[in-house]
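Whole structure, please, built from the sequences with the hints as guidance.
At the far end of the sequence shown sits residue 394, using our numbering, and the numbering has no gaps.
No wet-lab data here; the hints were simulated from the structure. Errors might be hidden in some of the hints.
[As the list claims (entries may be wrong)] Cut-off 35 angstroms, straight-line C-alpha distance, at most; resulting in silico cross-link-like pairs (DSBU-like, lysine-lysine):
#, residue 1, residue 2
1, 192, 68
2, 131, 68
3, 72, 192
4, 72, 131
5, 131, 209
6, 209, 192
[To be verified] For each label pair, taking beta carbons as the anchor points, the in silico distance ranges come out as:
#, residue 1, residue 2, range
7, 291, 128, 34 to 42 angstroms
8, 240, 333, 41 to 49 angstroms
9, 203, 361, 22 to 30 angstroms
10, 387, 299, 37 to 45 angstroms
11, 334, 153, 44 to 52 angstroms
12, 299, 245, 29 to 37 angstroms
13, 364, 204, 41 to 49 angstroms
14, 364, 97, 26 to 34 angstroms
15, 303, 169, 27 to 35 angstroms
16, 192, 295, 55 to 63 angstroms
17, 165, 42, 18 to 26 angstroms
18, 365, 256, 44 to 52 angstroms
19, 207, 365, 36 to 44 angstroms
20, 364, 264, 33 to 41 angstroms
Note that CB positions come from ideal geometry on N, CA and C, so glycine has one too.
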Amino acid sequence: MLTISNKGWLFTSILSALMAFTSLSTDIYLPAMPEMGRDLNGDAELTLTGFLIGFALAQLFWGAVSDKIGRKKPLIMGIVLFIIGSVGCALSSSMLELLAWRVFQAFGACVGPMLSRAMIRDLYGRTEAAKMLSTLAIVMAIAPIAGPMLAGHLLVWYTWHSIFWLLVAIGILMLVAVLVIPETHPVEKRSKKSIAHTYNNYWILLRNKGFMKYTLCVSSFYIAIYAFLTGSPYVYIDVYEVPKEYFGYLFSVNIIGVMLLSAINRRIVSAIRLDRLLRFATLFAAICVSVVMGLIVLGYHSLWLIVIGCFLFFSMNGIIAAVTNALALDRAGRMAGSGAALLGAMQYGSGIVSSLILTFLPNDTADPMMGVITLFVIICAIIAFPEDEKYNRI
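Encoded structure:
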């Protein structure tokens, strides 16, 4: 079978696309959420919650499997499940049916970002991994920029079902791409224990303070990220009456910020200690959202205040995600697959918290969304601030 180099630009591009599976599965249908809720007579936010539940739980399964049988086979199986789930979503005629298929879709979608991180850990050391993750973030940012824009324009001509048919096509393309990438976890480095026994790795990782510090830090930040993803369609489209075809443009501003910070991070990561860089990024984000929330409390309500505040905090993801992932996986050592799975489960599963909170809060103002964002960005900064004690790898 044809394979490509594990250090070439094509390999990097495929890993970037795999990392973007989360964005493809969530961001692309954000403009359709209000219409979806009206059409199916239910809370469309719950489809995001269901996706995140499936996404988080499935990573724990695939992580142990990938440490046992390698990275490539689980990737292929996961993408096939993603395609089937996307077809099910496109054919759904009720909110309950759509919710069930979103959970199924997530069981496949999670292999992309989880195993691409594990593959980077297979190939690179800590600092080089941080550089590589920043590079991937720059390339993968195309998906969350193009996705909501394309979806917004699709909705002008077609129904929300068309978005999931688009995901089917993307899944098929990714399946073809994955067939040509090399295996990065050779047989001699794989776990010799049974898959069931490999699940003990999660218990070991949960007790490792270094791993958990960075995992909880990025998880708190992602609660804020998903509060924005869940709340912004209602705040922008319903509260501030932004046309849905233009929602993607406002959303893409944040992704451009992530790209810029990822590019900066790639250049400075060798010169500044990673934990110090993380403290700066989390403190800056916390100050920005606190100022915005303070102005809202004082009665200053403006679309552009929300847009600018969210841009400043969201952009810091270009540093925070890359640095926390690199530091956490460095602590995981030989358990890279299980480490990437647990990290991903907590990072993306944390979005369940914000999506559930916002489901039960009114969405006729920006206050609930910004309140959740502010609270958890501050928690993220608090976790990041203690000096790194150079915990040993496992």
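Status of the hints after comparison with the structure:
1. 192 x 68: Judged against 35 angstroms, a Cα distance of about 7 angstroms means the pair holds.
2. 131 x 68: holds (27 angstroms)
3. 72 x 192: Within the cut-off at roughly 18 angstroms; holds.
4. 72 x 131: Given pair residue 72, residue 131 holds - Cα atoms ~23 angstroms apart, limit 35 angstroms.
5. 131 x 209: holds (24 angstroms)
6. 209 x 192: holds (26 angstroms)
7. 291 x 128: 34 to 42 angstroms: Holds - the Cβ-Cβ distance for residue 291 and residue 128, about 36 angstroms, lies within 34 to 42 angstroms.
8. 240 x 333: 41 to 49 angstroms: Holds, since residue 240 and residue 333 (Cβ atoms, about 48 angstroms apart) stay within the stated range.
9. 203 x 361: 22 to 30 angstroms: Since the Cβ atoms of residue 203 and residue 361 sit about 35 angstroms apart, the hinted range of 22 to 30 angstroms is violated.
10. 387 x 299: 37 to 45 angstroms: Because 40 angstroms falls inside the window, the suggested range holds.
11. 334 x 153: 44 to 52 angstroms: holds (47 angstroms)
12. 299 x 245: 29 to 37 angstroms: holds (31 angstroms)
13. 364 x 204: 41 to 49 angstroms: holds (46 angstroms)
14. 364 x 97: 26 to 34 angstroms: holds (28 angstroms)
15. 303 x 169: 27 to 35 angstroms: The hint (27 to 35 angstroms, Cβ to Cβ) holds, given that residue 303 and residue 169 are roughly 34 angstroms apart.
16. 192 x 295: 55 to 63 angstroms: holds (58 angstroms)
17. 165 x 42: 18 to 26 angstroms: Roughly 21 angstroms apart at Cβ, these two residues keep to the hinted range, so it holds.
18. 365 x 256: 44 to 52 angstroms: violated (27 angstroms)
19. 207 x 365: 36 to 44 angstroms: Because 42 angstroms falls inside the window, the suggested range holds.
20. 364 x 264: 33 to 41 angstroms: holds (37 angstroms)
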